[in-house]
Structure formats: structure tokens, C-alpha cells
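Peer 1: If you want the building blocks of each chain, they are given just below.
2 protein chains.
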Amino acid sequence: MTRLPSIRALASHLHISRNTVEQAYHQLIAEGYVQSRPRSGLFVIALELEKIPAPSTVRQTSFEPSKQVKPLVQYDFRYGNVDASHFPVSIWRKLSNQCLQPEQVELFSYGDSQGEYELRVEICKYLYGSRGVNCSPNQIVIGAGVQYLLGILARLMRSSQSSIGMEEPGYDGVRTMFQHYGFHVHPISLEQDGLNIHELYESNTKVVYITPSHQFPYGMVMPFAKRIQLLKWAEEQDGLIIEDDYDSEFRYDGKPIPALQSLDAHHRTVYLGTFSKCLLPSLRIAYMVLPPTLLAPYHTQDYRLYDQTVSRFHQKTLELFMRNGHWEAHIRKMRNVYQKKHSALLETIQAVMGHYTTVVGQGAGLHILLRVHNGMSESELIHAAANEGVKVYAVSPFWARPDQAEASMVQLGFGGLSMDEIVMGVHALHRSWRHS
Amino acid sequence: MTRLPSIRALASHLHISRNTVEQAYHQLIAEGYVQSRPRSGLFVIALELEKIPAPSTVRQTSFEPSKQVKPLVQYDFRYGNVDASHFPVSIWRKLSNQCLQPEQVELFSYGDSQGEYELRVEICKYLYGSRGVNCSPNQIVIGAGVQYLLGILARLMRSSQSSIGMEEPGYDGVRTMFQHYGFHVHPISLEQDGLNIHELYESNTKVVYITPSHQFPYGMVMPFAKRIQLLKWAEEQDGLIIEDDYDSEFRYDGKPIPALQSLDAHHRTVYLGTFSKCLLPSLRIAYMVLPPTLLAPYHTQDYRLYDQTVSRFHQKTLELFMRNGHWEAHIRKMRNVYQKKHSALLETIQAVMGHYTTVVGQGAGLHILLRVHNGMSESELIHAAANEGVKVYAVSPFWARPDQAEASMVQLGFGGLSMDEIVMGVHALHRSWRHS
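First to last, the sequence lines map onto chains A and B.
Here the first sequence stands for residues 1 to 436, where the numbers follow this note's numbering.
Here the second sequence stands for residues 1001 to 1436, where the numbers follow this note's numbering.
Chain A with its partners taken away, still in its complex shape:
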């Protein structure tokens, strides 16, 4: 392996600040091109798949959905809640009111079933600039949520495919959806750097759904080497990769990682994005970028008969929001806001209960997983927290085989809580868990 020059040496050699070099190195590490070895320096990673055993200690867990009456919830670590206090309500209202005018006649009738063309142009520009995604507006399909769009995709693939590989654990809303469409779901286990590609080959499925930028829920980034392996798999198997880039805007150690789609020269990737995390979930706007191979069936097989599901007023408002630069500004602002919340959460956990917890999946997104080493099971942790007025969430439903879930792990979403609530919420968690 090639060793990189030290930060000091490269900064001096290029006449730039150490800070700049440090940021660049951080990014290379985050994206998996470079590896840090303690007391040895940074090394370029050879582009081969290295097998690393799965991190989870597997144990039987007794999970039961909690339906009983609970004390008042003071701190809800619900994943999916966002920080609405920083949403630019007045700008959005102003743009929305520009659309709600009698003269905007075309907005009062059915729109393009694929989504408004002008909004697709804006999404294209954003995806190219921020995510490296290469596509034309013609490839973009707008819809009311990622699940809805994956439903269209499931129907598009239905004639040729009947099974799909999914990360285990993975997003249960998508797994259930594919099962409802009659797909057989193959759970593919995770390694420390994401999907076990060997298992994917063995599953004999030709479609895989992944979250490479920030695995849901474990949070790892799929490194460059594995991305190339995955693209090679798709090429060899005549396969399809469904890349769900659900919260890629929020990476706190360095810059966002380019999409897998941007590396795909052979058009075997369907790329999915959403405005639910960075903007607002209640607007219900997401999009899907179809590769040319799927675009033809989408345009011929009666899919034009499916009416668009997103409000045409919201589409137009979002187009104006993006075109006038508010979207990029909002991402920058929210990245900053969530980075502070993320730090507050990690620091408080470390200070208050660092001696009996392990944080999993930090550094990005709007949630972490917490492994709690106090002998409590998942459901015990959740119930104990509820008794102190804190809601934390089960991780086991994300497993197709919940009995293989980690025994003592919970999910904490921090997007919807204020800094103070995060700090106080963690203290309350500690009160509920320390006695065990």
C-alpha cells in the first residue's frame, strides 16, 4: 500500500494551510479511498474487497410492540422528525402565494404524470452539482415519497424480476412494500463497510436495494472499492442497483459523498432522493432517476396513465425555491444546525453514559444507534426510557429476521429536538438506564 505524505509535509510542499490538507484527507478517509493506521499514517486502500466480520453480537431478543398508556413524552427521539424551526416559512409562503394566483391557470389542472418539467430541470442541476449524478430531466420521475416511487419501479420490474436483495438490517418500509408486490426479499448481511457482496452473488437475485452513502440504520459509508465491486456485480449478473440516497445532505466529517450512480458508466443504477429529510416530510416530495433501460418501458407500458401524486402547487413552489437559490442555502444552514445537534448528542452521551454505551453510525444523517451495555433488552430499554418521559425506538423491526437483531440496541433520531432537549433527554435516559 502507498503511504500518503504527512499533513505537515504536503501543506508545506503545496504552500497551502494544514487545515485544507486535513479536510481533504478526512474526505478521502470518509469515502474509503484512504485508511488511517495509528502511529503509521495514511495509506491508499487497494481496490479489492476485504472481508471484515460483521460487528453485531447476535442474541435472542424479546421484542413486543408497546401499546400501553405511557407517561407524558417529554423528549421524543423519533427518527423522521425534522427541525422545523429553521424552515424558511415566510419565504416558502411567499413563493407558494405566487403560485396560488388566479392567473396561474395551468397549475389548476392535471400536470405531467412524470412531474413538472421545470422542477425536474432544477433537480437535475442540483443532483449534478451536489451528488455527481448524471442525468437528464427526462430520466427523473417525481412522486409522493420514496415508497410510492419504488412501487412504480416494482411494477416496472415485475415482468422480469421476482426477487430483491436488501441490506440486513434495512429500511422496513421498503422491504414490506416489495413483499406486498410479491417480491421475494433476500436479506444480505452487513460487513463493517456495508453489504456483503459475496452473499449478494450467492443469493442469485438480480436486483439490490442499498443505502451506500449512509447505511440505514447502521450508518456506515460504502467505500469506493466496494462500490466498484457492486457495479461489477451488476454488470456480470445483468443486474440492477437501487440506490436510496435518503439523507446524503448531512455528512459532518467532510463533504457529502458522491452518489454511487455517478460511478456507474453502464446505467445499471436507479437513484432515489427525497425532500423529506432536508426540507419537510409533510410536503411529500421525492424523486427517482431511471436509467435509460427502464425509461423505455416507463414511457411505453401505460405508465403515463398513472397520475402524478405530488401537488402541482408544491412542485411549482419548490421549483421557485430551488431556482432562487433558497434550496442550496437551506441545505448549508441545516447541515450546520444538525451538525451542532449531532455533536451535542454525542458529547452528552459520552459525558453522561459513555462508560456503558457505544454509539453506532455517527458522523452523518439525523439518527444514531446506541448499544447499551447494562443488561437490558431492547424492549426493556424502550420501556424504562418511556417511564422517564423519553421515547427511543426499536432497531429490531429493521431486520427481516428480528431474532438476529442486536439484543440491547435502540435508535435515537435527533432532528426534531432542540439542543437543550437533546442534552436533557440524554440525562433522562441515563436516569432510566443506570439502575440496571
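Worth flagging that the hints you see were computed from the coordinates, not collected in a lab.
Any given hint could be a false lead.
Claimed, not checked - Here chain B is said to cover these stretches of chain A; the calculated rule only asks that three of the stretch's residues, wherever they fall, bring their Cβ under 8 Å from a Cβ of chain B:
| id | segment |
| --- | --- |
| 1 | 89-101 |
| 2 | 168-178 |
| 3 | 221-227 |
For every residue, glycine included, the Cβ atom is placed at its ideal position computed from N, Cα and C.
Go by the hints and put chain B onto chain A.
Peer 2: Showing chain B alone in chain A's frame:
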């Protein structure tokens, strides 16, 4: 058969105006309880199925989708366009802005996957008062369009059903959707009073999709006798009736006809309604009323994992719109507006080209069908009209077997055109068709 008293006699007997009696009799005729016999009076119809041969003269037609460049469209008789000039934009904007406030915190996060409870309460009240539909808010599922909701229903039924009966002709968007979900669609032919129930029995399917209040596209009302027959079929076959009440607000001869669901004592009807026709299609709001038998699987089989597809802001705005009486007022206003347009269309057609055309399906809704007796085929009629700057639409795609469609028929939607445009559009149609 029992004969009804004459209008004059009943008015005199009850001391009410003749006009009132006439309206009541009209309503009884429209709903199929009473039959008018020329020069004999009105007779109560016996509640038995009477077979009436289908009206259509079946002939081979050469339909080709038109993709070529056309002259400027001056008059677009597109079905689905609505009269936006009477939409109360300023009221809607005011209510919408009440929702778009920083303090409306709950509207900024994911909502109830079934739809906002308060909106479901308003829909319940409306359905009970206007359509006779008996249900609780708990039975209502809100979604971004009837197709989307039928998709949920298709998945709910998938484990037990694999085929569905549909009116022939019928709504192609629904037919295609069920086919994409792997259902076998049985086309059931129409009689003068709607679905041929004998054929439905013979098809051996246990699910049927119908438009009883205003058959799409032919426009007939299913009379009371046949509704009872259909409910009996469902009871005997352990079947399910899907009632799409897409434009029931607009009946111009008397009052709207109560929903089939309101007659169903055995909970075998799924009722569907939409805000696309009477309010605005671009808001994308529809709803489905599930019978208790389907409610249980909906609540248990992971369907709660499907995020709601309608904007939470639009749901809240619509709730306020309904709660404050604007919805009922808007329906009254639009019924009046569309009744005038409907009359203008029929009168102009009668005056200008009554001698070589027959109107099919008048008296309700936002479209009519026009049978043109000038020797032109469907595609010739459409192309000739386009050369005069008028868009009229094909009826044959509504047929599962397009070769059985009527040879010389087109669809004219009048919702989106002004009175003047309707009159001028019909004159332009006459110019394009008269030479044949």
C-alpha cells in the same frame, strides 16, 4: 306495475307546487325507481333485473394515437380539466397561509399514514349528508388520487383475489393499474342501465369495479333494482364491490343519487371519492372508505408503514375549507356553473349539428360522448377537428377490447372551457365534420 298520480293531481292533493312534484318525479326516474311511459304516465319499476340489449352498434375501427404536429389548439375539450376561474383562490390562500405558520409545528412532520384524523371527520360528515355513505373516520383512507388508493386496495386483496370485473368500456387508468398488480381483468359489458350482472356471475370473479352514479364513460345511472341485484351478487359470491363515485356532485336533472354503499347492509362495498373534479385535480386528494372486513387487514398487515402521500398542509387547508362551509358552498356554485356549460354544449350541438350527431350520457358530470353519423371513424373525427384547432378525444382506449368500441364516437369534456369557448368550439367541430 303501480302507476303514480299525475303531477297536477299530486300537487293539488299535497298543496305543494307542481314544480316540486316534477323535481321529485325526475329524481325517482333518474335513480331508476320509476319509469316514464309516453302518453301513459309514470310507473313504479318492479325490483327485478330486466335485460335490455346493449345500445352500441359495434363496428371495426382503425384507431391510431395521434403524435404529429398540429395547428394551435383553440378549444380543448379535455376531460379532467376543471373550471379554475370559479375556484375561491383567495379563501384557499388565506386558509393555506393559516397553516403555513411557524407555530403550526405538527404540520411540519410526518402525519398519520391513513390521513389527518380531523380531515377524515369532515369527509365523514360530508359523505353522510350528501351521499348517504355510512362510515366512521376510522374507515377512511386518504391518498394522492384514486389510482394510488386502488393500488393499496389491490395489495390488500392480493392474497385472496387475482381477478376483477370491470365495466366495458371503463376507466383505463384503473384497468391498467390492476393489470400491473397482476390482476386478470374481466371486461363486463354494459346494458342501458349499466353492468350486465348475468355476465358478472359468469365471469366467476369475486371483485367488481363500477361507477354506478355516472358510468364512465357512457354516463348511465345504475337504477335501484340493479343496485340491489349487485349487492345480492356480492352476498352470494362472498364478493366485493368497488364503487368509484368520481363526479357524483354534478347531476343536473334533480339531486345527486345516493351512493351504492348507502344501501349495503352487509359491508361489501369499498367507496371511492375524489376532490379532483369538484375542487382541483392539482391538489391530488382522494379518499377511500374501507368496509370493516378490509379495515382489519389494513391495520395489521404492515400498511401503517406506508407513508401518507397527500401534503399535510393541503390536508389541513382542506379540513378548514370544509369545516367553515366553503366546500358545500363551492359544490353548489360549481353545480350551477357546470349545469350552464352542460346546457350550452347540448343546445349548441343540437342547433348546429343535431341532424348528424347523437349525444350519449348527458345530464351529469363533466363530459359527454358524441356519436357522429357522417361516415368518419374515431381517428378521422379527431384529426379533422384538430385541423380546425379543436381537441376532442378517443373513446376506444376505455375499452379492454378496443376493436369492439363504437366506430364513430368521441369524448368531449366541457369543465375547463368557458361558455363562449364551448359554443365556438362546437361550431368549429361542425366546420371540420360537415364536409364528410
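Peer 1: Mind listing which of the numbered hints don't hold for this structure, in increasing order?
Peer 2: 3
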